[in-house]
Amino acid sequence: MHRELNLVQALNETLDMLLTDDDKVLLLGQDIGKNGGVFRVTENLYHKFGDERVVDTPLSEAGIVGCGIGLALNGLKPIVEIEFFGFIYPALEQILSHLARLRMRTQGKYEVPLIIRAPYGAGVRAPELHSESIEALLFQSPGLKVVIPSNPYDAKGLLTAASEGSDPVIFLEPMRVYRSMRQPVPQHRYTVPLGKANVMKEGKDITVIAWGAMIGNVVKAAEQLEKTQGISLEIVDLRTLYPFDIETIQESVSKTHRAVIVHEAPLTGGVGAELAAVIQERMFGDLKSPVKRITGFDVPVPQFSIEDYYLPSQDRIVHEIEQMLVSLTR
Amino acid sequence: MEQQRLFQILELDGTLRDDSMVINEKLAIEMYKLLVLNRVFDRKLVNMQRKGQIGTYAPFEGQEASQVGSALALSKQDWMFPTYRDHAAMLTFGYEMVKIIWYWMGRIEGCIPPDNRNIMPPYVPIATQIPQAAGAAWASKYKNETACSIAYFGDGATSEGDFHEGLNMASVFKAPVVFFCQNNGYAISVPLSRQTSSETIAQKAIAYNMENVRVDGNDVFAVYVATKNALEAARSGKGPTLIEAVTYRYGAHTTADDPSRYRSIEESESWRPRDPILRLEAYLFKQGMLDKDIQTRIVGEAERLVNDGIKFALTISKPDPTIMFQNVLANKPWNIQEQESNFNSFIERYHHQ
Ligand SMILES: Cc1ncc(C[n+]2csc(CCOP(=O)(O)OP(=O)(O)O)c2C)c(N)n1
Chain A
1 MHRELNLVQA LNETLDMLLT DDDKVLLLGQ DIGKNGGVFR VTENLYHKFG
51 DERVVDTPLS EAGIVGCGIG LALNGLKPIV EIEFFGFIYP ALEQILSHLA
101 RLRMRTQGKY EVPLIIRAPY GAGVRAPELH SESIEALLFQ SPGLKVVIPS
151 NPYDAKGLLT AASEGSDPVI FLEPMRVYRS MRQPVPQHRY TVPLGKANVM
201 KEGKDITVIA WGAMIGNVVK AAEQLEKTQG ISLEIVDLRT LYPFDIETIQ
251 ESVSKTHRAV IVHEAPLTGG VGAELAAVIQ ERMFGDLKSP VKRITGFDVP
301 VPQFSIEDYY LPSQDRIVHE IEQMLVSLTR
Chain B
1 MEQQRLFQIL ELDGTLRDDS MVINEKLAIE MYKLLVLNRV FDRKLVNMQR
51 KGQIGTYAPF EGQEASQVGS ALALSKQDWM FPTYRDHAAM LTFGYEMVKI
101 IWYWMGRIEG CIPPDNRNIM PPYVPIATQI PQAAGAAWAS KYKNETACSI
151 AYFGDGATSE GDFHEGLNMA SVFKAPVVFF CQNNGYAISV PLSRQTSSET
201 IAQKAIAYNM ENVRVDGNDV FAVYVATKNA LEAARSGKGP TLIEAVTYRY
251 GAHTTADDPS RYRSIEESES WRPRDPILRL EAYLFKQGML DKDIQTRIVG
301 EAERLVNDGI KFALTISKPD PTIMFQNVLA NKPWNIQEQE SNFNSFIERY
351 HHQ
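As you go down the protein sequences, you meet chains A and B in turn.
Just so we're aligned: the first sequence equals residues 1 to 330 in UniProt numbering.
Just so we're aligned: the second sequence equals residues 1 to 353 in UniProt numbering.
Just chain A, same shape as in the assembly:
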């Protein structure tokens, strides 16, 4: 039986399953215990598994991640939560200098299977500095896997796969999707492999690559463009940003000959820049137009009263794709 779950419920069920199946798994974070997490992703787990396995920590990101590394080095499987992605900075030293490098520095003698979960992104009317999309920071730090589910089904499968692997994984949860959609999610354990993109919708004219909360906007934009312009978009949900699925991208772009990348992080130095570069390096001859990026602007994520203008909306995606096609026919 597949019940319909939202993203929060799917994640909660997955964490519950991981804690049940392996007593080496433990959760660490701020307000994740008694309070069940500020988004309730860890609801009830404290009551079910006790405070040795679902641990409310002091307000200390470097401490949480640093201890997480130590716990993992010494045989446990910690899954830590950073309350909001924009509050991860105090832990960056731990993540960039150590988490991402310990396998290399010990030449495989030690591995650090630490999972860091964090809600991210704008569009939920959150206070200042709660809406960051800084995935590019971690994307450019070799030694980490960076995963972003766009829906409840993938979230369960990806988090389970992350937990079965031996690499550190940064697992980013789009806040805007937490409660905005429901989907059938199998009750049993399953995985969605890391490093594998998902062609969500087939199309013939343009490949659109996106992830997280942007997928919803891209799907709506695709419907509109199909109806009003007869343009057919193929939508690739990247799911794992690092290492990304070059095969699926190539397969798709070699069919459509056009690529657009949509992300909510700023344009300059974003993950889209890397994707665009790789596509043109490998497929220059296949392309009928320059690779296009539709992204947040090169500004700090603005206050919530205007955050919707910052995000690539359905309208802006439609507008920019139309402009792209117009400039080609001129």
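Derived from the structure by calculation, the hints contain no laboratory data.
Just so you know, even glycine gets a beta-carbon here, dropped at the ideal spot from N, CA and C.
No false leads were mixed into what you were given.
One-sided excerpt, in silico: chain A residues whose CB lies under 8 Å from chain B:
hint: 1; residue: D31
hint: 2; residue: G36
hint: 3; residue: L59
hint: 4; residue: S60
hint: 5; residue: A62
hint: 6; residue: R125
hint: 7; residue: A126
hint: 8; residue: E128
hint: 9; residue: F304
hint: 10; residue: D315
hint: 11; residue: R316
With the hints as your guide, set chain B with the ligand onto chain A.
Here is chain B with the ligand on its own, set in the frame of chain A:
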């Protein structure tokens, strides 16, 4: 270890612990007006959130004496580094009420410091203001100016590296700064006992060879005196002080929080008899500085001020989204110029405004 004594001036019933500690009548009445004003303000903002007029809001009811008492001790050239919960401190020191409301309406206008006071916009990432306040104070000392800095933060902040780095640097460089911790018992759901094994927060200063006081944060006189002393010491070259103001947040962490998940109503109600306003009221009545009529007038005046502030705040025009492209750098680089101009043609086409 013996727990540090709590510095108090006002007993719960409004008598003075120490007669030498009288606060003059004018100041006592001013304190009362500010406590009342801020309580009215806080409750009305919680209400505005419920009505959808502002976004998530962080209430401070219960902490008024800590914030008002400490901010009143400042001199006008001092620097204030507040958090998202320190509206009473900001209002007391001269931040405009409308701007606090705009801040919670998600408007950048709410972050702009006033012209005649050095008040930073609220700090959201925990503890980050602490080393900055040390730096600003250090600059005052370097320039031979008398200004001090005050950094506000909660008990949770003391678990961050920035707290320890800021205190250490301030102490090494004898920066004229006051570190003002409101120990309100919780960091969201996490109680102090899970935050630290130290018996007090004040004692953390000992490791940095820093002056420290543990003050009853619901006793506005004691908070005022403790802060005044710390500022005087700072100004006379004796370096920083850590003040732990022991208080309590009656309400939720923010309007998005449900405190019943982590503490009982009995616990929060048990703090009501220690209420900062009741205590000062008792004193003022005893001294004959306040009667029912004056009290009614003061409450009425507070209501009027806050209502006017809210009314004015709500008249702000719709936000111009292109404000996001301004002030990123002193000069707008080509990429932002181009993005702004593309954005404008997009907006024109979709008539979004
Ligand atoms: C670096 C960082 N981590 C986490 C958060 C999320 N957060 C917001 S307020 C808060 C609790 C702060 O507690 P405390 O310092 O005691 O101040 P209070 O809110 O009680 O005034 C947390 C964890 C944050 N804002 N910044």
